[in-house]
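Chemist: Residue 55 in the working numbering sits at position 55 of the sequence shown, with consecutive numbering throughout.
Simulated from the structure, these hints should not be mistaken for laboratory data.
Heads up, the beta-carbon is just placed ideally off N, CA and C, and yes, glycines get one too.
Don't take every hint at face value.
[Unchecked claim] In silico SDA-like links for lysine to any residue, alpha-carbon gap of 25 Å or less:
1. LYS39 / GLU29
2. LYS33 / ALA58
3. LYS25 / CYS47
4. LYS33 / CYS47
5. LYS25 / ALA8
6. LYS4 / THR24
7. LYS4 / LYS39
8. LYS6 / VAL23
9. LYS25 / THR57
10. LYS4 / ARG49
11. LYS6 / THR24
12. LYS25 / GLU52
13. LYS33 / GLU18
14. LYS33 / ARG49
15. LYS4 / SER62
16. LYS6 / ALA20
17. LYS25 / ASP40
18. LYS4 / PHE46
19. LYS6 / SER42
[Unchecked claim] Listed next, with one range per pair, are the computed distances between beta-carbon atoms:
20. PRO60 / ARG102: 48 to 54 Å
21. CYS47 / VAL11: 19 to 25 Å
22. GLY15 / GLN50: 16 to 22 Å
23. ASP2 / LYS33: 24 to 30 Å
24. HIS36 / ARG16: 18 to 24 Å
25. PHE37 / LYS4: 33 to 39 Å
26. ARG102 / VAL23: 43 to 49 Å
27. SER21 / GLY41: 30 to 36 Å
28. TRP31 / LYS6: 49 to 55 Å
29. LYS39 / GLU3: 24 to 30 Å
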Amino acid sequence: MDEKIKSAVAVWRDGRHEGASAVTKRLLEFWFKEDHFLKDGSQSHFCRRQQEAIEATANPSSPLFLPATVLPTTAANPSVPAKIPSLKPKPATSTIVKAPTRS
Numbered sequence: 001m002d003e004k005i006k007s008a009v010a011v012w013r014d015g016r017h018e019g020a021s022a023v024t025k026r027l028l029e030f031w032f033k034e035d036h037f038l039k040d041g042s043q044s045h046f047c048r049r050q051q052e053a054i055e056a057t058a059n060p061s062s063p064l065f066l067p068a069t070v071l072p073t074t075a076a077n078p079s080v081p082a083k084i085p086s087l088k089p090k091p092a093t094s095t096i097v098k099a100p101t102r103s
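Could you build all of it, start to finish, from the sequences and the hints given here?
Modeler: See the structure below:
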């Protein structure tokens, strides 16, 4: 994982996930602080890198969510796009037709 992202995740975790919604905080607590067991009775848990990845996507101030204009391609990885397509919802294409009125 990129060092900037890892650093942001660590700061966010140390700050008790400041800025996260109550639901997000509860999910993180459930996933990472509570015991979970498989059907065979063995304990299940996320590994450190899985936890970092989940926290990186849950962190509202994560470098993952920087505006597309600050995500240039790199010489090391030219396949990384300079711009990420907009995530804005597309306008509806259907038309609402009024039902005929009865006379």
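Chemist: Assess, step by step, whether the Cα of LYS25 is no farther than 25 Å from the Cα of ALA8, and give holds or violated.
Modeler: holds (16 Å)
Chemist: Under the criterion that the straight-line Cα-Cα distance not exceed 25 Å, is the pair LYS25, ASP40 satisfied?
Modeler: With a Cα-Cα distance of about 29 Å, the restraint between LYS25 and ASP40 is violated, given a limit of 25 Å.
Chemist: Would the pair LYS6 and VAL23 pass a check requiring their Cα atoms to be no farther apart than 25 Å?
Modeler: Between LYS6 and VAL23 the Cα gap is close to 23 Å, so the pair holds against 25 Å.
Chemist: Quick one, are LYS4 and SER62 close enough, alpha carbons at most 25 Å?
Modeler: With a Cα-Cα distance of about 9 Å, the restraint between LYS4 and SER62 holds, given a limit of 25 Å.
Chemist: Need the status of pair LYS33, ALA58: alpha-carbon distance at most 25 Å?
Modeler: Roughly 16 Å between the alpha carbons, so the hint for LYS33 and ALA58 holds.
Chemist: Sort out whether GLU18 lies within 25 Å of LYS33, counting only the CA atoms.
Modeler: holds (17 Å)
Chemist: Take the C-alpha atoms of LYS6 and THR24, compute the straight-line distance between them, and say whether it is at most 25 Å.
Modeler: The given pair, whose Cα atoms are some 19 Å apart, holds under the 25 Å limit.
Chemist: Do the Cβ positions of CYS47 and VAL11 conform to the proposed distance bound of 19 to 25 Å?
Modeler: Holds, at about 21 Å.
Chemist: Mind checking the alpha carbons of LYS4 and THR24 for me, to see if they're no more than 25 Å apart?
Modeler: Answer holds: LYS4 to THR24 is near 22 Å, not above 25 Å.
Chemist: Starting from LYS25, check that the Cα of GLU52 is at most 25 Å away, please.
Modeler: Cα-Cα ~14 Å, so holds.
Chemist: Quick check on a hinted range of 18 to 24 Å for HIS36 and ARG16, using CB atoms only.
Modeler: Between HIS36 and ARG16, where Cβ atoms are some 22 Å apart, the hint holds.
Chemist: Keeping to a limit of 25 Å between CA atoms, is the pair of LYS33 and ARG49 held or broken?
Modeler: Given pair LYS33, ARG49 holds - Cα atoms ~16 Å apart, limit 25 Å.
Going down the numbered hints, you'll see the structure goes against 7, 17, 19, 28 and 29, while the others check out.
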